[in-house]
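**Q** Need the complex rebuilt from these two chains, each delivered in its own frame; the hints are there to steer you.
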Amino acid sequence: MKNKKYINLRFIVLLSLGIVIFSACEREFSDDVEFAEFPPNGDVFIDAFSAGLDYFPFVDAGADPEAFSVETNEVFAGDASMRFDVPSFGNGFVGATFNTTAQRDLSGFDALTFYAKASQAASIDAVGFGISGETGNRFQVTLNGLGVSTRWQKYIIPIPNATNLTSETGLFWLAEGASFEGDEGGYVLFFDEIQFEKLGTVAQPSPAIFSGEDLTEQTFTGSTSTVTGLTQTFNLSSGENVTVQAAPSYFNFESSDTDVAQVNELGEIAIVGEGTAVITALLGGVAARGSLEITSGGGLEAAPTPTVPEANVSSIFSDAYTNATESNFTPGFGGSTTETTMISANGNAVLSYVNNNFTGILFENTVDGTNRTTLHMDIFAQEPGVSFEVQIRDVGANQMIETDVNTGFPTEDDRDFRFTVNGLTVGEWNSIDIPLDGDIASQKNNLGALILVGGPNFLLDNIYFFTE
Amino acid sequence: MDKERINQIRIPVLGLLMILFVGCATEDTQTVANFTSQITMQDEFDTDGAPNGNVWGFDIGTGENGWGNNELQYYTNRTENVKVENGVLLITAQREDFEGSSFTSARLLTKDRFEQAFGRFEARIRLPYGQGMWPAFWMLGADIDENPWPAAGEIDIMEYRGQNPSVLIGSVHGPGYSGGNAISKEFELLNDRFDTSFHVFGVEWSPDAVNFYVDDVLYNQITREDVTGTWVFDKPFFILMNLAVGGTFVGSPNTETVFPQSMLVDYVRVYENTNVR
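As given, the protein sequences belong to chains Z and D, one line each in that order. Using our numbering, you'd call the opening residue of the first sequence number 2 and step up by one each time. Using our numbering, you'd call the opening residue of the second sequence number 85 and step up by one each time.
A couple of the hints might just be wrong.
[Claimed, not checked] Below, simulated DMTMM-like cross-link-like pairs (lysine to aspartate or glutamate); rule was C-alpha separation at most 25 Å, straight line:
| # | chain 1 | residue 1 | chain 2 | residue 2 |
| --- | --- | --- | --- | --- |
| 1 | D | Lys195 | D | Asp130 |
| 2 | D | Lys195 | D | Glu356 |
| 3 | D | Lys269 | D | Asp300 |
| 4 | D | Lys195 | D | Glu272 |
| 5 | D | Lys269 | D | Glu243 |
| 6 | D | Lys269 | Z | Glu241 |
| 7 | Z | Lys155 | Z | Glu269 |
| 8 | D | Lys269 | D | Glu230 |
| 9 | Z | Lys199 | D | Asp318 |
| 10 | D | Lys167 | D | Glu243 |
| 11 | Z | Lys199 | D | Asp276 |
| 12 | D | Lys167 | D | Glu199 |
| 13 | D | Lys195 | D | Asp132 |
| 14 | D | Lys319 | D | Asp276 |
| 15 | D | Lys319 | D | Asp229 |
| 16 | Z | Lys199 | D | Glu183 |
| 17 | D | Lys319 | D | Glu243 |
| 18 | D | Lys167 | D | Glu183 |
| 19 | Z | Lys155 | Z | Asp86 |
| 20 | Z | Lys155 | D | Glu272 |
| 21 | Z | Lys155 | D | Asp276 |
| 22 | Z | Lys199 | D | Glu270 |
| 23 | Z | Lys199 | D | Asp300 |
| 24 | Z | Lys155 | Z | Glu275 |
| 25 | Z | Lys155 | D | Asp300 |
| 26 | Z | Lys155 | D | Glu356 |
| 27 | Z | Lys199 | Z | Asp86 |
| 28 | Z | Lys118 | Z | Asp215 |
| 29 | Z | Lys118 | Z | Glu75 |
| 30 | Z | Lys155 | Z | Glu72 |
[Claimed, not checked] Far from chain Z, some chain D residues (derived; all Cβ distances over 12 Å):
| # | residue |
| --- | --- |
| 31 | Asn138 |
| 32 | Asp143 |
| 33 | Asp196 |
| 34 | Tyr213 |
| 35 | Pro344 |
| 36 | Tyr351 |
For the record, the hints were derived by calculation from the structure and aren't laboratory data. Computed from a prediction, not measured in an experiment: that's the story for all the values here. We treat Cβ as the ideally placed atom computed from N, Cα and C, and that holds for glycine.
Isolated chain D (complex conformation) (with noise of 0.2 Å):
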């Protein structure tokens, strides 16, 4: 099995990515999605302003205990937080006293609005950098009001640590494996950085398997066999995007890190999956 996945290679050129792909998928019994380039959602961000408020709404506040993860920002949708600019969707964290909290930053999502299950969803951010700064581009699933995480289910495309400029983690949280159980990958950038250009983060999502991509880089694959619990993706997801400060997972800011900064997302696509083997 795991031959087999390794046998898949591609030609890391992204416009030739769902040609060759084609070409590879046919052979062997591999279990990487296979689907035609059917777009479903697509926001480039090109007109200045507040986001399109059709495909996405706002977590507005601190949550309940700073979102679960004891997270030390106060998201609001003012755009000193959140603005479209320059081609770009700009997520900015500030250090401002706001609402009892020391800083603040914004979560976007398309819960109600976009709402899919399968295909590829992918997304061109450059992250920012420093100790406490926590972006993620990930998806809860749709029922998340009647069913809720983990076992709603919850796919990480991409999420960081400002104090890892070179490391990204992909993961998966269902029930059984959420939180510091989730089914989880690392994967360092060679030579580069994640905050000094745009790259593309995206997962290629089929029934049976999430594979986790970075540019042209399939650094991962989470099958059903590799869950530690029941698998849930096999439903609507809806997606977000934010930029938390400080919590659980990356620890507070200190004195280095650099406000403002923000997360800045050329683009967010989503392709139907098809052609599901």
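Pulled out of the complex, with its shape left as it was, chain Z reads as follows (with noise of 0.2 Å):
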């Protein structure tokens, strides 16, 4: 007791010798000072909205705009705090972002910081800051399941590098719901006093590029791709490490040789030449952990030419044939995360599968395979560990797909054979033949589709069904 008043008045008087030392520099400012552009103004809502914030729900996303209100009665501090009634599955979800109409200057602080509470124990989906349509959300940082629990409890989300914050806009945002039947949701989750705060006490920032990983990959002059995982760390006095998910542009990229291998601002690379070049990161001068070395061969040859006669193929893609039938290579499913691009590869068209977990070829026409008994594929991985699962389905007499979406079993008169390619060789093209074997061996006469499963990055060329 006795020490603590001591320390207290101690603080008084470090304070006031502060302030008086502040301003008596102050008068020394000289003409040419620039000063910040934009207040540094931390505030978000302490008990309202603070200047200049709006509300802005992510609507076209499936967002209940009605999910948020302004509560007086269950509150932290002061007479208000944020509201967001959090639907049942099927209903929507809360998801917003608090932007301002004027820019603020955040650099000055090290975190966000609020309070929170939840009817009951409930995760979080997402919460940070830095959307802002403005800048494509250059700063954006996100904080996954954060657990809140029915007390009101101060959370602290780190800020990735804080001289990027100079001009910000999106000051908070979130987005929570039950994704499932059986998950959370029905429930009130509260915010309060939230705000930006020079803690002091975030420190030792551990960056992380593809999640702390060191990859290989094998490709191509002309293919691109993107540095991924992307997350900053730090310790908090609680001795707790957070960990946010932290926007390309708070990094910077390099490259051991632009000549291999160029990486711009949003962590996009681009292969310009033969050679090896490892892309690694630095955030706020620290190095981050990850990195990946491209190995890249040149340009990408053209797969082996096919030799079967035509009068024993039904093709889908190829330039050595004519097709069977056109097809929709880009058949949008939902939940796909798939990109699938046309690329030349030595004069040859091929296609490119990136982050695929699930796509498919649609034919336009059914293939009659009565008389094939063979699917050929030229697969190129460009690294090690590709594997993927070919579904070839006939989809019968009505020409449907019909599946059972619970499953992904083929129903009704629908009947498939499934394979899968894996063991590839890292850099080069490799020929794949599967027989048209389990229940398509007896029903393939309304061949009508292809699904790709896995993968997650791999080319594909000369797609036909042949007569051994």
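**A** Laid out in structure tokens, this is it:
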């Protein structure tokens, strides 16, 4: 007790001394000192919307705009808090950003802090700041899976590198909803005293790219990829490490050989020549864990030219044959993350699949495979471990794809045969022949689609059915 | 009594500390030590290599039962664990299998080399962080071989848990008030931490009291009346500096604890108490 008083008194002395010195310095400022362009106001929502703040629900994405309200009973401090009514499964979600009309200078702070509680224990899918249409979310920060309890508690979201935040409008955003039947939903979430603070205890930065892993990739000139797994981790005064997803623009990316690979501010990598380059990054002068060693063999070689006589072939995608049918290569299945593009390999068109979870090649007309025995594909894998499943689908007499949405298996008159492609040699074309076996051995007169599951990254060429 | 201590306010500028101290010390009957700046031991760690053998010895190994605290490290005097470089002493904890232990580190002590009763003992240190890191700057009674702990007495100028990077603990241990019953106090840095920059940790020790400092802040005074046993702080003590890993006080490191990590010591200085009241 005695010592507490002593310290308090001492702090007052310190404080007043600080003020004296500060005001003394202030008079010394010369005319050409550059002041921050925008106000260094850290308030977001204390007891009301701070200056210029507005509510922008993610309505286009399916968020419920009515989910947010200002609460006056359940508050941590003062007389108002933010209230979000999280809908039950199937009724939309809570999703919004709170932005200011005038930019703020947040470079003097080190964290966004707030108090939060919920009507039941919950894990918030995403919460952060830096969503801003004008800048393409250039400095977006996301904390995933923030656990909140039924008691008010303070939470800290560190700023990856505050020097970037001299003109921000996106001060707070969140997304939370029931993503499946049985997931938490139908509860209430409260936030109070939301503000940017200079805590002084956000320390020991440990940034990462590629989730801290050292990866390798075999690729070719003209291809592109993206730096993924971008995070910043800080140690807080509680001893806890907090990791946030940080937008690419917080990082300074480097390529060890810009004649081989170049990487821009958005973490987009372009392969421009033959050789080996290592992609690394710095965040706020601290080397990020993780890297990507890219070996480019120069221009992509064409896949081997097919030798099967045209009369024995029903072709889906090949420069060597006339197509048996036109196909839709970008069916846009819900939940698909796949990017499919057509690129050129030494003058030949090839299909590039990036970040594939599942997609398909949908034939516009069915192919009668009665006399065909085999499906051929040429596959190019750029990194070790590429593995995906090919599902050859016969859509039956009704010519419709019929699938059980829960299991993914064919229903009604549909049949399929599933084959896993793996063990590929990296950095060259692999020719694979898949027999028309299993359930389609006896029903292949209405071949209608190829479904591709997994990968995640590969190239395809010379996709055709043939007779052995 | 308490009020009188509170009344003693010093302007928080380290360079002015001694001068202003004299100014304040004459008022009232407060029991803070009062001494001039007569330096008796000083190591600025300016010569690269091993620490000065005239000042510092080492404890090697795991002691008994992890130095009595179930500590996990094996202490060595290898350069991997202790060296002077670029003007600082580095005491480095490594995660490695060594002589049956999973960690190595170092513990330096001035036993039989430098021992002193009373005075100001201070060191400027930057600490490591993370679960299970346990650095300390402390003293033991020089008669410990004849008069085993806790009777010999212990003054912990600084100890700290890596998982509480803003909190320092200062304590005295003696007969009847040792281990979990030590006379102890925590000090929390406001808006700052001990692992991001150097801080000065010190005690000013007089026959009747030990004052505990961080930088320019006096955060505790322990007097004869405060201890719950015999006052044993009236004889020479020696200095220890170490970086322990794990043990009862801090718990074991976890997967997030960063290794290797160092405790950086810029200097150790001891001043004589020439004007004991």
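**Q** Far enough from chain Z: is every CB of that chain over 12 Å from the CB of Asp196/D?
**A** For Asp196/D, whose nearest Cβ neighbour in chain Z is about 35 Å away, the distance exceeds 12 Å, so it holds.
**Q** Verify the proposed pairing of Lys199/Z with Asp86/Z, using a straight-line Cα cut of 25 Å.
**A** violated, 30 Å
**Q** Evaluate the condition: distance from the CB of Tyr351/D to the nearest CB of chain Z exceeds 12 Å.
**A** holds, 23 Å
**Q** Assess, step by step, whether the Cα of Lys199/Z is no farther than 25 Å from the Cα of Glu270/D, and give holds or violated.
**A** holds, 23 Å
**Q** Would the pair Lys195/D and Asp132/D pass a check requiring their Cα atoms to be no farther apart than 25 Å?
**A** holds, 22 Å
**Q** Taken at face value, is the distance from the CA of Glu72/Z to the CA of Lys155/Z at most 25 Å?
**A** With a Cα-Cα distance of about 18 Å, the restraint between Lys155/Z and Glu72/Z holds, given a limit of 25 Å.
**Q** Below or equal to 25 Å on CA atoms is what counts here, so check Lys155/Z against Glu269/Z.
**A** violated, 36 Å
**Q** For Lys118/Z and Asp215/Z, compute the direct alpha-carbon distance and say whether it is at most 25 Å.
**A** violated, 39 Å
**Q** Does Lys199/Z pair with Asp318/D here, judged by a C-alpha cut-off of 25 Å?
**A** Answer violated: Lys199/Z to Asp318/D is near 45 Å, above 25 Å.
**Q** For Lys195/D and Glu356/D, compute the direct alpha-carbon distance and say whether it is at most 25 Å.
**A** At roughly 18 Å apart (the allowed maximum being 25 Å), Glu356/D and Lys195/D satisfy the hint.
**Q** Run the distance test for Lys118/Z versus Glu75/Z: straight-line Cα separation, threshold 25 Å.
**A** With a Cα-Cα distance of about 10 Å, the restraint between Lys118/Z and Glu75/Z holds, given a limit of 25 Å.
**Q** Within a Cα-Cα threshold of 25 Å, do Lys195/D and Glu272/D meet the stated pairing?
**A** violated, 31 Å
Violated hints, listed in ascending order, are 4, 7, 8, 9, 14, 16, 24, 25, 26, 27, 28 and 34; each of the other numbered hints is respected by the structure.
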